[in-house]
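So you can see what is in the structure, the chains are spelled out below.
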Amino acid sequence: DIQMTQSPSSLSASVGDRVTITCRASQSINHYVNWYQQRPGKAPTLLIYAASTLHAGVPSRFSASGYGTDFTLTITSLQPEDFATYYCQQTYSIPPVTFGGGTKVEIK
Amino acid sequence: QVYLVESGGGVVQPGRSLRISCAASGFDSSSHGMHWVRQGPGKGLEWVAVIWSDGSKTYYADSVRGRFVISRDTSKNTLYLQMNTVRAEDTGVYYCARDRSDGSYGGDYWGQGTLVTVSS
Numbered sequence: 001d002i003q004m005t006q007s008p009s010s011l012s013a014s015v016g017d018r019v020t021i022t023c024r025a026s027q028s029i030n031h032y033v034n035w036y037q038q039r040p041g042k043a044p045t046l047l048i049y050a051a052s053t054l055h056a057g058v059p060s061r062f063s064a065s066g067y068g069t070d071f072t073l074t075i076t077s078l079q080p081e082d083f084a085t086y087y088c089q090q091t092y093s094i095p096p097v098t099f100g101g102g103t104k105v106e107i108k
Numbered sequence: 001q002v003y004l005v006e007s008g009g010g011v012v013q014p015g016r017s018l019r020i021s022c023a024a025s026g027f028d029s030s031s032h033g034m035h036w037v038r039q040g041p042g043k044g045l046e047w048v049a050v051i052w053s054d055g056s057k058t059y060y061a062d063s064v065r066g067r068f069v070i071s072r073d074t075s076k077n078t079l080y081l082q083m084n085t086v087r088a089e090d091t092g093v094y095y096c097a098r099d100r101s102d103g104s105y106g107g108d109y110w111g112q113g114t115l116v117t118v119s120s
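Those protein sequence lines, which keep their order, are chains A and B.
Sequential numbering from 1 applies to the first sequence in the numbering used here.
Sequential numbering from 1 applies to the second sequence in the numbering used here.
Keep in mind the hints are simulated off the structure, nothing from the lab.
Hints are supplied without guarantee of correctness; some may be wrong.
Some chain A residues well away from chain B (every beta-carbon gap over 10 Å; in silico) [what the hints assert, rightly or not]: (1) Ser60; (2) Thr69; (3) Ser77; (4) Glu81; (5) Thr91.
One-sided excerpt, in silico: chain A residues whose CB lies under 7 Å from chain B [what the hints assert, rightly or not]: (6) Leu46; (7) Gln89; (8) Pro96.
Ideal Cβ positions, reconstructed from N, Cα and C, are used throughout, including at glycine.
Between the sequences and the hints, there should be enough to build the whole structure, so can you do that?
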């Protein structure tokens, strides 16, 4: 199975900060990475698919990049509604689909 | 507008069975694969199963293979997860998610989830 390792597991940031979350795959997965946001008590929502493509309706302050084993999600100018947990997911090798452990973004 | 609504969760005793459902609307369900993903209390996301858009393939996580069955009724636009011989570790919120395509691209729209609690 392909392991997805996210870092950091949590971070504290202020409104307006730039935040970067990384995800490393245990083997090359080309561009088959999705990023999700999960607000407390809510279902996950898709932010980014195919490593760098913004899902419909997602604000442009979210961006992502990467290929192979190393991927990043960046939030420029953090907004109050962005405080949430973020997950990466690989779909290169199914089964299983695997998620990273999550990164909780908290208010400093 | 894509809508996914899960139902059927509740309290079930260890070793017993439960079937949860996901009603889909707003898209042609025969054109998309569908996933089940669960989240234990205070834990991260765990993929459970996928069914291909044409129903030709189903895949499962090791933790549920042989106990859970994913299926769909395209005439009713409904996805199911039959959960047999449940264990305490199956407790959590179960989400259905529409795949971006046939089943191999991950979920682009998710339901609100249904809570399954395995307890005696």
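So, going through the hints one by one against the coordinates:
Separation of serine 60(A) from chain B is adequate, the least Cβ-Cβ distance of about 18 Å exceeding the 10 Å criterion. Against the 10 Å criterion, threonine 69(A) stays outside the reach of chain B, whose nearest CB is about 18 Å from its own CB. With a minimum CB-CB distance of about 25 Å to chain B, serine 77(A) clears the 10 Å threshold, and the non-interface call stands. For glutamate 81(A), the condition that its CB be more than 10 Å from all CB atoms of chain B holds, with the nearest at approximately 18 Å.
For threonine 91(A), the non-interface assignment is contradicted: its Cβ lies about 5 Å from the closest Cβ of chain B, within the 10 Å cut-off. Annotation: leucine 46(A) was flagged as interfacial toward chain B, and the flag holds, the nearest CB pair being 5 Å apart, inside 7 Å. Hint on glutamine 89(A) holds. Least Cβ distance to chain B is approximately 6 Å, under the 7 Å limit. Checking proline 96(A) against chain B by beta carbon gives a least distance of about 5 Å; that is within 7 Å, so the hint holds.
Checked against the numbered hints listed earlier, the structure breaks hint 5 alone; every other hint is satisfied.
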